[in-house]
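Could you put the whole structure together from the sequences, leaning on the hints where they help?
There are 2 protein chains.
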Amino acid sequence: MGTACALLLARNPEHRVILWCPQVDRARLLAATRENERFLPGVKIPGPVEITADFKATAADAYVLAIPTVYLRDALQRLRPAWPTRGPIVSVIKGLERETFKRPSEIIAEFLPGSTVAALSGPSHAEEVARGMPASLVAASEIRGLAVDVQRWFSQERFRVYTSDDLIGTELAAALKNVIAVAAGICDGLGFGDNAKSALMTRGLVEMVRFGCSLGATEKTFYGLAGVGDVITTCVSRHGRNRELGERIGKGEKLDAILASTRKVFEGVWTASSVYHFALQRGISVPVTTEVYRILFEGKDPLTAAKDLMTRDLKHESGPWE
Amino acid sequence: MGTACALLLARNPEHRVILWCPQVDRARLLAATRENERFLPGVKIPGPVEITADFKATAADAYVLAIPTVYLRDALQRLRPAWPTRGPIVSVIKGLERETFKRPSEIIAEFLPGSTVAALSGPSHAEEVARGMPASLVAASEIRGLAVDVQRWFSQERFRVYTSDDLIGTELAAALKNVIAVAAGICDGLGFGDNAKSALMTRGLVEMVRFGCSLGATEKTFYGLAGVGDVITTCVSRHGRNRELGERIGKGEKLDAILASTRKVFEGVWTASSVYHFALQRGISVPVTTEVYRILFEGKDPLTAAKDLMTRDLKHESGPWE
Numbered sequence: 001m002g003t004a005c006a007l008l009l010a011r012n013p014e015h016r017v018i019l020w021c022p023q024v025d026r027a028r029l030l031a032a033t034r035e036n037e038r039f040l041p042g043v044k045i046p047g048p049v050e051i052t053a054d055f056k057a058t059a060a061d062a063y064v065l066a067i068p069t070v071y072l073r074d075a076l077q078r079l080r081p082a083w084p085t086r087g088p089i090v091s092v093i094k095g096l097e098r099e100t101f102k103r104p105s106e107i108i109a110e111f112l113p114g115s116t117v118a119a120l121s122g123p124s125h126a127e128e129v130a131r132g133m134p135a136s137l138v139a140a141s142e143i144r145g146l147a148v149d150v151q152r153w154f155s156q157e158r159f160r161v162y163t164s165d166d167l168i169g170t171e172l173a174a175a176l177k178n179v180i181a182v183a184a185g186i187c188d189g190l191g192f193g194d195n196a197k198s199a200l201m202t203r204g205l206v207e208m209v210r211f212g213c214s215l216g217a218t219e220k221t222f223y224g225l226a227g228v229g230d231v232i233t234t235c236v237s238r239h240g241r242n243r244e245l246g247e248r249i250g251k252g253e254k255l256d257a258i259l260a261s262t263r264k265v266f267e268g269v270w271t272a273s274s275v276y277h278f279a280l281q282r283g284i285s286v287p288v289t290t291e292v293y294r295i296l297f298e299g300k301d302p303l304t305a306a307k308d309l310m311t312r313d314l315k316h317e318s319g320p321w322e
Numbered sequence: 001m002g003t004a005c006a007l008l009l010a011r012n013p014e015h016r017v018i019l020w021c022p023q024v025d026r027a028r029l030l031a032a033t034r035e036n037e038r039f040l041p042g043v044k045i046p047g048p049v050e051i052t053a054d055f056k057a058t059a060a061d062a063y064v065l066a067i068p069t070v071y072l073r074d075a076l077q078r079l080r081p082a083w084p085t086r087g088p089i090v091s092v093i094k095g096l097e098r099e100t101f102k103r104p105s106e107i108i109a110e111f112l113p114g115s116t117v118a119a120l121s122g123p124s125h126a127e128e129v130a131r132g133m134p135a136s137l138v139a140a141s142e143i144r145g146l147a148v149d150v151q152r153w154f155s156q157e158r159f160r161v162y163t164s165d166d167l168i169g170t171e172l173a174a175a176l177k178n179v180i181a182v183a184a185g186i187c188d189g190l191g192f193g194d195n196a197k198s199a200l201m202t203r204g205l206v207e208m209v210r211f212g213c214s215l216g217a218t219e220k221t222f223y224g225l226a227g228v229g230d231v232i233t234t235c236v237s238r239h240g241r242n243r244e245l246g247e248r249i250g251k252g253e254k255l256d257a258i259l260a261s262t263r264k265v266f267e268g269v270w271t272a273s274s275v276y277h278f279a280l281q282r283g284i285s286v287p288v289t290t291e292v293y294r295i296l297f298e299g300k301d302p303l304t305a306a307k308d309l310m311t312r313d314l315k316h317e318s319g320p321w322e
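Taken in order, these protein sequences are the chains called A and B.
Counted from 1, the first sequence has number 218 at position 218 by the working numbering; the numbering is strictly sequential.
Counted from 1, the second sequence has number 94 at position 94 by the working numbering; the numbering is strictly sequential.
These aren't lab readings, by the way, just hints derived from the structure by calculation.
Check before you lean on any hint, since a few could be wrong.
One copy or two, it doesn't matter: identical chains are merged, so the pair holds either way.
When the alpha-carbon atoms are kept at most 16 Å apart in a straight line, the in silico EDC-like pairs for lysine to aspartate or glutamate are as follows [unchecked claim]:
(1) K264 with D25
(2) K264 with D149
(3) K300 with E244
(4) K315 with E157
(5) K315 with D149
(6) K307 with E157
Please read all numbers here as calculations on a predicted model, not as lab measurements.
And the structure:
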């Protein structure tokens with residue numbers, strides 16, 4: 001996603017874009033081949049994008065951070081002393097810190113206090129963005145001027161950015177949707193069809209709203225690009241990692257065996273565990289997450305979980321009768 | 001969908017279910033083969049479901065109406081004199097009347113005044129429902145007791161029904177989503193990928209809300225099963241008729257040629273036209289519908305339409321800055 005953002009920003013000739021790659025060898029290879037062969041094979045990095053492993057050489061008016069949540073704390077700790085300026089930070093990081101349940105912008109604030117942060121989120125597979133396929137995202141910040149700046153920096157013919165003031169909701173949605181993606185994958189693995197999967201995504205969205213709002217998010221965010229938009233891509237795309245994990249679980253594989261067989265990180269697994277415990281403590285109803293948790297961590301049979309989900313007390317969806 | 005509902009209701013041994021089929025020959029064949037070979041091949045209609053072509057023999061405590069919108073007015077006109085009782089009506093009809101823009105329940109009220117009506121809607125491909133695959137729907141009525149009755153009549157282990165008081169929104173969502181499905185199909189036809197399609201569905205939902213609420217719908221309905229749930233199934237499923245039409249348009253076919261080649265009814269085409277003109281009159285912004293209209297009826301190039309959609313004035317998504 002870091003490379004994809006560099007490509008996007010470099011399309012504007014007024015931007016000077018520096019792509020920082022921490023490994024000296026990889027940075028050298030990138031600069032020589034002008035191609036991120038590992039993640040974006042076949043996509044040329046244009047000449048104007050400078051590539052460096054020297055963090056001190058990256059002093060800029062603004063920073064785009066694309067470090068996976070799981071490495072974010074360590075990276076910031078290491079980088080803090082050398083951080084060149086206090087320019088605003090655009091986070092394209094999706095996920096919550098496993099141990100602390102903190103959002104990326106909260107971790108950034110710990111290490112770079114005083115920096116302003118915007119989250120750029122929504123349905124955005126990096127491969128598609130890098131290949132110039134259209135996408136629409138949302139730039140969320142507590143500071144209006146920064147959200148509008150990010151919108152202006154990134155927007156172009158095939159990349160449309162909306163602004164939002166809900167940083168909390170935008171970051172939460174990006175993490176919570178991974179739990180729904182695991183559930184949607186389980187639904188696929190059970191061979192349940194389109195009706196069941198769409199209903200699951202819809203009811204998953206309802207509990208994302210309930211949980212997110214209890215943490216200070218705005219409901220509307222979940223009905224926008226960072227919410228339902230990202231839920232759809234993540235649950236529907238064949239390439240979604242969390243969906244794929246769910247599908248294997250739905251077909252009968254066990255979590256331990258899957259985790260032992262790969263080095264991939266499945267954010268949805270740990271987010272499910274965190275959300276489950278947090279919701280339990282606070283008495284927030286999250287039936288989909290609860291069943292995902294029980295299937296993943298308590299060995300519950302997915303078919304039984306689906307049945308339990310379908311046969312709970314009958315509910316009201318909308319209106320003043322509740 | 002009528003057959004699928006009969007199968008569902010007949011699973012409860014307390015129900016006496018009569019399946020009415022207007023054509024005498026077809027009713028006789030159905031009764032002999034116990035199979036709707038045309039729409040649901042391979043699905044057995046169980047013994048307890050009575051099959052008749054004699055409308056007078058269908059006197060019942062409640063009626064499920066599954067007549068396509070385009071035939072509804074004629075059918076009700078013909079049936080009205082013989083309508084056996086004034087039991088409540090459950091409409092599983094999706095769509096708006098082309099000439100009048102009326103919802104199914106409004107047409108029903110014209111011919112059967114005094115009958116109470118509930119709409120049962122949500123992601124519900126009949127094939128999946130008939131084959132016992134799980135689904136969750138919403139029963140909406142202005143009369144709470146009827147919504148709760150419908151919920152009770154239909155709910156079972158693999159079919160979960162929520163209640164809603166928003167009949168208007170539920171019926172509007174079922175029709176408006178077909179326009180978004182055409183747009184999503186065009187997106188597929190252009191080869192635009194998951195990011196673009198999810199964003200289009202999300203922004204389509206935003207304008208469904210805007211348009212629907214101007215007609216008296218409740219916003220929340222569009223974020224529920226009859227709204228986003230049905231949008232997802234209709235836009236994602238390979239079998240969706242409106243999505244398929246859009247895909248052919250996106251690949252360069254013209255509407256006239258497609259319509260001339262088939263007897264299929266594409267509700268989304270006519271709904272797009274109605275919504276476009278209605279929104280224009282009232283000054284409601286419906287950018288996705290507008291581009292669909294221009295592509296279908298004014299021969300606009302789909303790629304130009306996509307570009308115009310992406311490069312409009314930059315917008316705010318959510319929050320008090322608007």
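Here is what the structure says about each hint:
Taking the closest pair of Cα atoms, K264 and D25 never come within 16 Å of each other, the shortest separation being 23 Å inside a single copy and 60 Å across copies. Proximity of K264 and D149 under a CA criterion of 16 Å is satisfied in neither setting, with 34 Å inside one chain copy and 48 Å between copies. Neither within a single protomer nor between protomers do K300 and E244 lie at most 16 Å apart by alpha-carbon distance, with minima of 19 Å and 39 Å respectively. For a Cα distance limit of 16 Å, the shortest separation of K315 from E157 across copies, 14 Å, qualifies, whereas the shortest one inside one copy, 44 Å, does not.
For a Cα distance limit of 16 Å, the shortest separation of K315 from D149 across copies, 13 Å, qualifies, whereas the shortest one inside one copy, 44 Å, does not. For the identical chains of this complex, K307 and E157 are inter-copy neighbours only, at 6 Å across copies versus 46 Å inside a copy, given an alpha-carbon limit of 16 Å.
The structure shown violates the earlier hints numbered 1, 2, 3.
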